[in-house]
Amino acid sequence: MLMKDGLRIDGRKPDELRKIKIEAGVLYRADGSCYLEWGGNKIMAAVYGPREALPRHIQDPTKALVNARYNMASFSVEERKRPGPDRRSTEISKVTSEALENVIFTELFPRATIDVCIEVLDAEAGTRCAGITAAAVALADAGIPMRDIPVACAAGKVDGMVVLDLTSEEDKEGEADLPIAIAPRTEEILLMQMDGHLTYQEFEEALELAIKGCKQIAKLQKEALMKKYESFEEE
Amino acid sequence: MLMKDGLRIDGRKPDELRKIKIEAGVLYRADGSCYLEWGGNKIMAAVYGPREALPRHIQDPTKALVNARYNMASFSVEERKRPGPDRRSTEISKVTSEALENVIFTELFPRATIDVCIEVLDAEAGTRCAGITAAAVALADAGIPMRDIPVACAAGKVDGMVVLDLTSEEDKEGEADLPIAIAPRTEEILLMQMDGHLTYQEFEEALELAIKGCKQIAKLQKEALMKKYESFEEE
Amino acid sequence: MLMKDGLRIDGRKPDELRKIKIEAGVLYRADGSCYLEWGGNKIMAAVYGPREALPRHIQDPTKALVNARYNMASFSVEERKRPGPDRRSTEISKVTSEALENVIFTELFPRATIDVCIEVLDAEAGTRCAGITAAAVALADAGIPMRDIPVACAAGKVDGMVVLDLTSEEDKEGEADLPIAIAPRTEEILLMQMDGHLTYQEFEEALELAIKGCKQIAKLQKEALMKKYESFEEE
Amino acid sequence: MDISEIGRLSSVRRDYLARLAKEGKRPDGRGFDEYRPIKIEKNVLRNAEGSARVKIGNTMVLAGIKLEVGEPYPDTPEKGAMSTSAELPPLASPEFEPGPPKPGAIELARVVDRGIRESEYIDLEKLCIEPGEKVWIVFIDLHVLDYDGNLFDASSLAASAALQNAIIPNERYELGENEPLPVRKPPISCTFVKYSDAIVVDPCLDEEEIAEARFTVALDENGNIRAIQKGLSGSFTIDEIKNNIKRAQFHARNIRKLLEEENGKKDKES
Amino acid sequence: MDISEIGRLSSVRRDYLARLAKEGKRPDGRGFDEYRPIKIEKNVLRNAEGSARVKIGNTMVLAGIKLEVGEPYPDTPEKGAMSTSAELPPLASPEFEPGPPKPGAIELARVVDRGIRESEYIDLEKLCIEPGEKVWIVFIDLHVLDYDGNLFDASSLAASAALQNAIIPNERYELGENEPLPVRKPPISCTFVKYSDAIVVDPCLDEEEIAEARFTVALDENGNIRAIQKGLSGSFTIDEIKNNIKRAQFHARNIRKLLEEENGKKDKES
Amino acid sequence: MDISEIGRLSSVRRDYLARLAKEGKRPDGRGFDEYRPIKIEKNVLRNAEGSARVKIGNTMVLAGIKLEVGEPYPDTPEKGAMSTSAELPPLASPEFEPGPPKPGAIELARVVDRGIRESEYIDLEKLCIEPGEKVWIVFIDLHVLDYDGNLFDASSLAASAALQNAIIPNERYELGENEPLPVRKPPISCTFVKYSDAIVVDPCLDEEEIAEARFTVALDENGNIRAIQKGLSGSFTIDEIKNNIKRAQFHARNIRKLLEEENGKKDKES
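Chains as they are written, first to last, in my numbering: chain A, 1 to 235; chain B, 1 to 235; chain C, 1 to 235; chain D, 1 to 270; chain E, 1 to 270; chain F, 1 to 270.
Any given hint might turn out to be false.
[Unchecked claim] Taking lysine to any residue pairs in the SDA-like style, the calculated list, with each CA pair at most 25 Å apart, reads: (1) B/Lys172 x E/Pro180; (2) F/Lys242 x A/Tyr200; (3) A/Lys81 x E/Tyr16; (4) E/Lys265 x E/Pro98; (5) C/Lys94 x D/Arg46; (6) A/Lys172 x F/Lys79; (7) A/Lys81 x F/Arg117; (8) A/Lys94 x F/Lys185; (9) B/Lys172 x D/Arg46; (10) A/Lys13 x A/Glu204; (11) F/Lys39 x F/Ile199; (12) C/Lys81 x F/Pro103; (13) A/Lys94 x F/Glu212; (14) D/Lys134 x C/Glu79; (15) A/Lys94 x F/Pro94; (16) D/Lys185 x C/Tyr200; (17) A/Lys81 x E/Asp197; (18) C/Lys94 x D/Met82; (19) A/Lys81 x E/Ala198; (20) E/Lys126 x B/Glu175; (21) E/Lys102 x B/Arg69; (22) A/Lys94 x C/Pro83; (23) F/Lys39 x C/Val26; (24) C/Lys172 x C/Met146; (25) D/Lys134 x D/Asn178; (26) F/Lys185 x A/Glu173; (27) C/Lys81 x D/Arg46; (28) A/Lys94 x E/Pro98; (29) F/Lys102 x C/Pro83.
Everything labelled a hint here was simulated from the structure, so no lab data went into it.
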């Protein structure tokens, strides 16, 4: 059903990503920002900080807090979503914060907070990976010192086959989804979630594929940042 | 439908106010208070302050905050209202706070707050104007220094005619509603909202009529305050 | 209906308690704890403190706050209860806090809070009395200095007869319920609520019966605490 | 202090009140068993189905009744329902804050509710429109306007008075003509507080602020007990409790008379 | 300052802006009666039934339209309904905080809503599916992405543009084929602020932060007035108000033209 | 630290734990691949449709199952539904606060939910009463009673055990006789944390407080993977992840055996 002649319903090969477009530095007020289109996903990410964490009792005297907020616009899905956080977005905000904190030199900014805002404007499967990928570019655009630029991508299993970067339909009808985020230089795993049904062998295969996907996207991230700096120099 | 032989459904002339009754200093605990009946509206207003603004981080070191809270009792309307603020009352609280702040010498009370409580006990169109008018009397009763006593009134358009002080039915079936608040001495506009459909000429006419209404009510406000002072001297 | 041949539907005599089992010191993290089964009720109580009351502006410089929180697990009743406090549990938390505060030497711990957590895991009438009784044991287990160990029990009226310790059915179908908490040494009344219909004579009778019940339960509380200390010495 | 949970009296004032009490006196000159003047005004609102404004001394509470058509509870398919709420708006006291009801307001509403419910004041059996489907729900909303102590009795009395003049708004729901809400005999609430070994009825705010224990009892027309609420962290002896109830039976008779007089007046007028 | 209620400008900067205003100048070099460049992009989202992204200078607002089937209001059983919300997410400004809408966001949504509602922009009569039972509810959600002042005009324009390209999602509800949302002529909103005796159109953030009074008017295609909102604690004289409206009539014509051009473009493309 | 987000260990204790880990030791004397004693008690409540209390060391979690009749999701009209919540009441730890669930509690509930859902443990197809109209909704409520680390495994195990003895309360809804809830093979959850280069199974609280990264995997009876959750800001290498899963396959077999023994006991008793 979801695969035909070795191709997927949208014509992609099993190891092929959807179309991705990344633009850095698109907002005026934010310290760093990124607009990302990934298949049908449209994501805006902004970074504010490092700035003083308030109220004071949340401050950590040894390092900066990394506080990501993943939010879906009410019109970003087919059935209108009530504004405000739900349980799903609370969980995604948490694992996203943790993944991003890993690469940031937070100990350089004691008592500070680094706020990462991820707004999903249009959603079509894989928004958490798209959000992390965009947030990473926004962090770099904001000049936040990081040991690497994180990047995220999912692999999954569809009609018994391990494939890269699921669409909505594949996510819903497929057998498994494995979103990960990595630090691409070292291939360390910053985020991993999985739901579905994978044998150990399939898991290994999917993990390898997702890492391959991450590395392709990491290039697009760097190109977007490069382009921003170039346009900055031209000005 | 709403006008017959030049008169309105309740028998009023186009430029005639509903019956208004104002009483100052009716509450024991409040620093200043006012009970006002205006047509079918029954409003209780109380003022507390100037007192220290808390929590401290909301304090303004240069002036007092003016914090009006417009609230409708759950039994004040035909269909029982759930207790607590809704979007409408939040907006009215905001524009009321702004209108009242205009005339108060807030710079005399840095770090303070002046709290204005407006409780609508019975509602019949025009509660925001009635609330501001009552709040102004309560402020004066509390001895808050003001450069003028604000007063509010609405004009509107009904059956193609500009009229003063709409009833519920006129508000609902009519073509426009223009509530304003003014500082009566200088005729400055402190609050203005409008919804409906007015040509520019009709707008000018309605504005003039509303100001005339305001000035009539300003007299009633002063009489109420006078009566309170007299009764105070008698005691 | 509810009484037959002088006995109640569950076979008890009018002045007979349901089966009660009390165990002290059952939790690892809490400073003091108690597990109590009383008829179909299963209650876990824990005490934390005295510890600094936070945020600071709630601190009382003359004494410790006693802050009891009565909570029903969502699965503790026949129809699943939404998690979180409702109006009933808010009231019970309030009167429970007040009853317990009475016997604690709060003036020994200025600026502190003593937190009492009462979780109803399974409910069958009389949970507030069961909660106070368990909380008192947890307070003693935590070593909080008290002038007496409070104890609670209800009497009521069923089929025209005053009886002790109502079941769910008796509570629902019966004519009155009178839960009380006392300091057993002095017989002072720490908590009293009543709803139903009692003549003054019936009230006196019910009060006497409830106090008798309290005193029986007080023995079980002491036995449970003794057992805990003994097992502690054996270790 | 109970309702506001803030604003402790200075210790000087506290000592003064204690000294007064020892001499059998109260801050406003009343005897221990004396209510402040009670004033009941009924039918004071237009949009409410019933209303009353009650003053006890400087304390003023407005009760408004609204009726709505709703579903019955599954276990009482042929009975109407009732719901009581209390608002303590910042208008009524410098200590009241806006926001959802605090524990003090919830306790107040629930105690008033119990008095009405347990004395079967509203004839809920007559409020069924369609068994199992549609019944009248009676909303009793207590709106405190001026807080100088003893909200329990003022609120209970306001609710009782407002229910006495409430109508069933059949016309609004196209169910025939409006008719009076069917009520029986109201409960009367009596509140005492204890401080410095004195137990006084109808506490004013100063007294509530130093009160150690509070006792409220709702009595029916036969002086039988329908609801009790003991509050605050102080205790009562068994004898004090018994005595409170006997004193309450005396006060309740007087207040009931007052309410009936007011009711009589209304009837004559209408 | 209005929306964020924080972040006061330094007094040096404040004095500088006041001095500029006295010389007839604005911080970004515009004249008092000059808008920043306006850019309208329509149909920018896939899941929304209609959408538009509007930039006025650096301010950027995204409007998304969603339609749902719901019950009509009891007093308008044959009309669809509309609901407008505004989100000011922390993404758009260092001063915006997460959480439920603050008064500034609520005022913004309500003013945009009034302009659309009072100009009868959406033909709600055509949104009835089953009288008294089922109608379309139009949700207008305003999502601020970059906040550099004048959210009122940017939001209103984004809503107007998004509604122009919205569809009724009949297919999703198995009600036939999708069709365009029936709209009439949009309202155009014009906002002025007053500071240092100057009244300027389309305030940027610096100007909003020192503004004493704000005036927003929504005009229909005949230049008639459909909604007004005066904001902030400063006042306007009667003449200033009248003058604002006349100036707005001029600006609204230009903005309307811009919107129509954008609309024309879209039509040609499709 | 994960759940409580407060209460950092002193650096002395932290260093001590790190030193222990370097020597292959854990604070409570266990090996890196050793669980604390696990105790499962089933059917411990009367009002819940199913229940279990699980202790892993000092950590104690109570799971209660309730079933209600409700509407199915539109896209699965013939399937029952499930919903998992976790309460971390202040009873269980000095760091837990009352109030709506914090992110840690939400993550916990969602991870337990995913394990059950993805292993298709509950046979939701059999929970349809009337297609498109009425289905059973299974509520899994996790109530933490004592928190000494590893809530993920204790909660998952408590939920699995409680579902095994749950009944469908047909009688309460007049739908016939009660019957056992149809379940298949439960998922088994295994959690590891990493600190000081060690990766240990079943962390106690001390270990969670210094943990850099957390890894939870839910395995089915064939050792296949049904759900994964990596947590905290530390990272794992690819090899560490693979190794975690293999270690989990070993532990899950043992825990599954324990659960089956408990199940066997129950069957014999009844």
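Comparing the hints with the structure gives:
no.	hint	verdict
1	B/Lys172 x E/Pro180	30 Å, violated
2	F/Lys242 x A/Tyr200	9 Å, holds
3	A/Lys81 x E/Tyr16	45 Å, violated
4	E/Lys265 x E/Pro98	37 Å, violated
5	C/Lys94 x D/Arg46	36 Å, violated
6	A/Lys172 x F/Lys79	16 Å, holds
7	A/Lys81 x F/Arg117	23 Å, holds
8	A/Lys94 x F/Lys185	30 Å, violated
9	B/Lys172 x D/Arg46	19 Å, holds
10	A/Lys13 x A/Glu204	19 Å, holds
11	F/Lys39 x F/Ile199	24 Å, holds
12	C/Lys81 x F/Pro103	22 Å, holds
13	A/Lys94 x F/Glu212	15 Å, holds
14	D/Lys134 x C/Glu79	22 Å, holds
15	A/Lys94 x F/Pro94	22 Å, holds
16	D/Lys185 x C/Tyr200	19 Å, holds
17	A/Lys81 x E/Asp197	45 Å, violated
18	C/Lys94 x D/Met82	23 Å, holds
19	A/Lys81 x E/Ala198	43 Å, violated
20	E/Lys126 x B/Glu175	21 Å, holds
21	E/Lys102 x B/Arg69	14 Å, holds
22	A/Lys94 x C/Pro83	22 Å, holds
23	F/Lys39 x C/Val26	15 Å, holds
24	C/Lys172 x C/Met146	35 Å, violated
25	D/Lys134 x D/Asn178	17 Å, holds
26	F/Lys185 x A/Glu173	22 Å, holds
27	C/Lys81 x D/Arg46	38 Å, violated
28	A/Lys94 x E/Pro98	15 Å, holds
29	F/Lys102 x C/Pro83	13 Å, holds
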